[in-house]
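In case you want the letters, here they are:
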Amino acid sequence: MVVVLNGKQVEEEDGLSLHDMLLKRGIEPERVVVELNYEIVERIKWKDTPVKNGDRLEVLKFVGGG
Amino acid sequence: MGFYEKYLEYKAFNYEKYFERISDEAVLRIISKDVLEELDFLALLSERAGRFLEQMAVRSRQLTLQHFGRVIFLYTPLYLANYCVNQCVYCGFNVTNDISRKKLTLEEVEREAKAISSTGLRHILVLTGESRRESSVDYIKQCVEVLRKYFCSIAIEVYPLDTEEYAELIEAGVDGLTLYQEVYNEDTYSEIHLKGPKRDYLYRLDAPERACKASMRSVNIGALLGLEDWRKEAFMTGLHGKYLQNEYPDTEISVSMPRMRPHVGQFQPKYEVSDRQLVQIMLAMRLFMPRAGITISTRERAEFRDNLIGLGVTRMSAGSTTVVGGYTQEEKSGGQFDISDGRSVEEMKRMIYGKGYQPVFKDWQAI
Amino acid sequence: MSDKLMIGGKELNSRLFLGTGKFPDNRLIPEVIKKSGAEVVTVALRRIDFDSEEENMLNYIPKECILMPNTSGARNADEAVRIARLARAAGCGNWIKIEVISDNKYLLPDNFETVKATEILAKEGFVVLPYMCPELMTAKRLRDAGAAAVMPLGAPIGTNKGLKTRELVKILVDEIKLPIIVDAGLGKPSEAAEAMEIGAAAVLVNTAIATAGDPVIMAEAFDLAVRAGRKAYISGVGAIKEYAEASSPLTGFLND
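Residue numbers (this note's numbering), protein chains in the order written: chain D, 60 to 125; chain Z, 178 to 544; chain X, 310 to 565.
Mixed in with the good hints, there may be bad ones.
[Claimed, not checked] Mimicking DSSO-like on lysine-lysine, the simulated pairs with C-alpha atoms at most 27 Å apart in a straight line are: (1) Lys414(X) / Lys313(X); (2) Lys540(X) / Lys210(Z); (3) Lys210(Z) / Lys372(X); (4) Lys390(Z) / Lys449(X); (5) Lys313(X) / Lys210(Z); (6) Lys540(X) / Lys390(Z); (7) Lys486(X) / Lys409(Z); (8) Lys313(X) / Lys183(Z); (9) Lys449(X) / Lys104(D); (10) Lys497(X) / Lys210(Z); (11) Lys479(X) / Lys183(Z); (12) Lys425(X) / Lys210(Z); (13) Lys210(Z) / Lys479(X); (14) Lys372(X) / Lys104(D); (15) Lys210(Z) / Lys486(X); (16) Lys432(X) / Lys486(X); (17) Lys486(X) / Lys390(Z); (18) Lys526(Z) / Lys291(Z).
[To be verified] Incomplete in silico selection of chain X near chain Z, CB under 7 Å: (19) Asn365; (20) Ile485; (21) Thr560.
[To be verified] Distance windows between CB atoms, simulated: (22) Asn65(D) / Ser544(X): 34 to 40 Å; (23) Asp360(X) / Lys111(D): 22 to 28 Å; (24) Val61(D) / Tyr415(X): 54 to 60 Å.
No wet-lab data here; the hints were simulated from the structure. Note that beta-carbon positions come from the ideal geometry of N, C-alpha and C, so glycine has one too.
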């Protein structure tokens with residue numbers, strides 16, 4: 060399947076959960092926030108949320124700012 | 178919230194104790210502040226601050242010049258009727274007073290208007306006693322419609338009205354309201370308003386706010402000095418003015434500090450206010466509310482009024498009479514009180530020019 | 310003497326809020342926070358770049374600090390609301406600094422959109438601190454919309470020009486019964502002190518500290534300046550005498 064992750068198209072194996080997809084990329088879950096198709100997904104639901112073909116994912120974290 | 182909540186906030190306030198603690202340094206520091214807090218204002222009304230009138234006057238003069246320039250607005254009162262259902266112990270119109278009662282017909286209103294406007298005045302304050310039967314809102318409205326032909330600004334000083342009634346009069350051409358609480362102390366209020374609808378303290382207290390809600394362009398408030406401890410009454414007047422300024426920034430708020438004058442009736446003021454004290458109130462008001470208009474009427478003596486120009490006053494009445502039909506009629510009805518400064522508009526004009534100020538007959542006009 | 314600042318139910322001892330952008334090295338930040346005494350620290354929310362190794366800012370901010378994410382990047386109210394909700398979902402509290410900028414030339418905030426975003430977010434239970442151009446009517450609308458504080462700029466963001474908006478900020482201090490926090494433009498500790506002297510409840514400083522030769526020492530300098538200014542304000546600045554002491558030309562008539 061193909062998903063749009065932070066604005067970029069990426070290939071992913073089918074049936075992957077949100078949690079596994081982020082873990083694969085070395086993300087520390089407690090430090091980020093995820094929006095799936097413009098809806099915020101709570102951290103506790105990541106394991107039960109499958110990623111589907113065509114999904115748009117935004118993964119954000121805190122950086123320096125004033 | 179209404180202003181009553183603010184009144185209650187200070188009801189149990191220990192004024193005496195507060196006044197005791199005020200030092201010379203505190204007074205001087207307050208005088209030089211840009212923005213005064215409520216208690217700063219109260220400090221300026223203290224006996225101790227009374228020793229610093231000159232310093233207060235310098236600051237007041239500077240603020241007044243900055244906000245108003247070298248001008249004095251002139252107006253005159255026009256009494257439409259002196260029928261009244263109230264028993265206010267200090268007022269000549271008191272229902273129990275045996276005075277001749279009168280109400281102007283529309284033709285008489287027009288005649289008075291002509292006489293007044295021939296002096297050059299374009300701002301007028303119309304007054305009635307409280308009688309919804311004799312001086313109904315409808316009657317006032319009809320008078321205003323006549324007066325519009327002669328005056329560009331019409332203010333009313335009548336019994337308190339509902340918001341809708343104020344809106345109705347504004348629609349007819351009224352742009353200003355003068356309404357004195359007379360006395361802010363609720364207990365004293367009840368003691369000296371013996372009978373009639375005026376006994377309703379809260380309805381009167383909230384009337385200036387109702388006028389603001391109806392989008393009145395200017396609202397003038399005050400306490401009748403002599404009825405209560407003037408320091409507290411002046412304090413409440415200032416707080417009331419500030420409250421209205423904060424809540425209704427589109428209405429111009431003015432304050433008056435009318436001292437009791439001789440009138441028909443037995444009542445004598447319990448708390449005399451001296452010239453010095455009156456000046457102190459005026460200066461404190463100016464420092465607390467730099468943008469507020471300050472009105473000094475012909476209740477005050479000519480020479481005293483002349484000296485106030487440049488200290489903080491922005492509006493003065495001229496060529497006044499408190500008698501219904503007083504500008505044109507020979508046969509006089511009973512007046513509300515005796516005036517002190519009987520000079521004509523022309524004389525006032527010369528005096529103001531002589532002080533280096535411009536007398537303004539027409540401040541603005543709604544278009 | 311206790312002189313605490315209350316915002317959003319939190320009691321703050323420090324009136325210096327710290328921004329974390331533009332530091333030469335994020336590893337300086339813990340020491341900067343410590344020396345500044347700041348309890349409220351601003352961060353921004355950004356997309357993770359999966360192609361490069363990035364540090365997480367939260368690793369540098371002590372747990373006891375209140376995090377105040379900003380909505381930088383938002384060009385209108387809707388975008389600000391979206392960012393605010395994301396920030397809250399990241400699980401770092403419910404404070405939000407609303408920053409809506411649709412002007413890339415001066416980077417001035419859009420007051421109109423800021424009011425709209427404040428209204429929405431305050432209703433959703435956020436502690437909203439809107440960054441704005443100092444303007445009384447907007448400040449009143451922000452107050453009515455439920456803002457927890459109002460944050461007028463001292464000068465355009467990042468300019469280090471100082472308290473250029475002094476007169477306008479003073480009006481907000483006098484008229485708005487909410488903490489007024491001067492945000493943006495303060496370049497020197499003396500300018501932070503000036504803001505505090507005229508009655509600002511706090512200041513938010515980022516660029517001036519982050520771009521100083523030694524950010525840690527500058528953080529301490531700002532802390533001292535903010536304390537000094539605050540003490541000057543609460544102690545009541547002495548009278549500036551502009552009047553003659555002896556004669557009384559204006560009130561002499563009363564002595565007759």
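Here is how each hint holds up against the structure:
1. Lys414(X) / Lys313(X): Answer violated: Lys414(X) to Lys313(X) is near 38 Å, above 27 Å.
2. Lys540(X) / Lys210(Z): holds, 17 Å
3. Lys210(Z) / Lys372(X): Since the Cα atoms of Lys210(Z) and Lys372(X) sit roughly 42 Å apart, the hinted pair is violated (cutoff 27 Å).
4. Lys390(Z) / Lys449(X): holds, 18 Å
5. Lys313(X) / Lys210(Z): Holds, at about 24 Å.
6. Lys540(X) / Lys390(Z): It is violated: about 40 Å lies between the C-alpha atoms, which goes past 27 Å.
7. Lys486(X) / Lys409(Z): At roughly 25 Å apart (the allowed maximum being 27 Å), Lys409(Z) and Lys486(X) satisfy the hint.
8. Lys313(X) / Lys183(Z): Holds. Lys313(X) to Lys183(Z) sits at ~26 Å (cutoff 27 Å).
9. Lys449(X) / Lys104(D): violated, 41 Å
10. Lys497(X) / Lys210(Z): holds, 26 Å
11. Lys479(X) / Lys183(Z): This hinted pair holds, its Cα atoms lying about 24 Å apart.
12. Lys425(X) / Lys210(Z): Cα-Cα ~36 Å, so violated.
13. Lys210(Z) / Lys479(X): Between Lys210(Z) and Lys479(X) the Cα gap is close to 13 Å, so the pair holds against 27 Å.
14. Lys372(X) / Lys104(D): holds, 25 Å
15. Lys210(Z) / Lys486(X): holds, 19 Å
16. Lys432(X) / Lys486(X): With a Cα-Cα distance of about 20 Å, the restraint between Lys432(X) and Lys486(X) holds, given a limit of 27 Å.
17. Lys486(X) / Lys390(Z): Distance of about 22 Å is within 27 Å: holds.
18. Lys526(Z) / Lys291(Z): With a Cα-Cα distance of about 19 Å, the restraint between Lys526(Z) and Lys291(Z) holds, given a limit of 27 Å.
19. Asn365: Cβ of Asn365(X) sits 45 Å from chain Z, so the hint is violated.
20. Ile485: violated, 10 Å
21. Thr560: Where the cut-off is 7 Å and the nearest Cβ of chain Z is about 5 Å from Thr560(X), the hint holds.
22. Asn65(D) / Ser544(X): 34 to 40 Å: Taking Cβ atoms as reference, Asn65(D) and Ser544(X) lie about 52 Å apart, which means the hint is violated.
23. Asp360(X) / Lys111(D): 22 to 28 Å: holds, 24 Å
24. Val61(D) / Tyr415(X): 54 to 60 Å: The hint (54 to 60 Å, Cβ to Cβ) is violated, given that Val61(D) and Tyr415(X) are roughly 41 Å apart.
Hints 1, 3, 6, 9, 12, 19, 20, 22 and 24, counting from the list given before, are not met by this structure.
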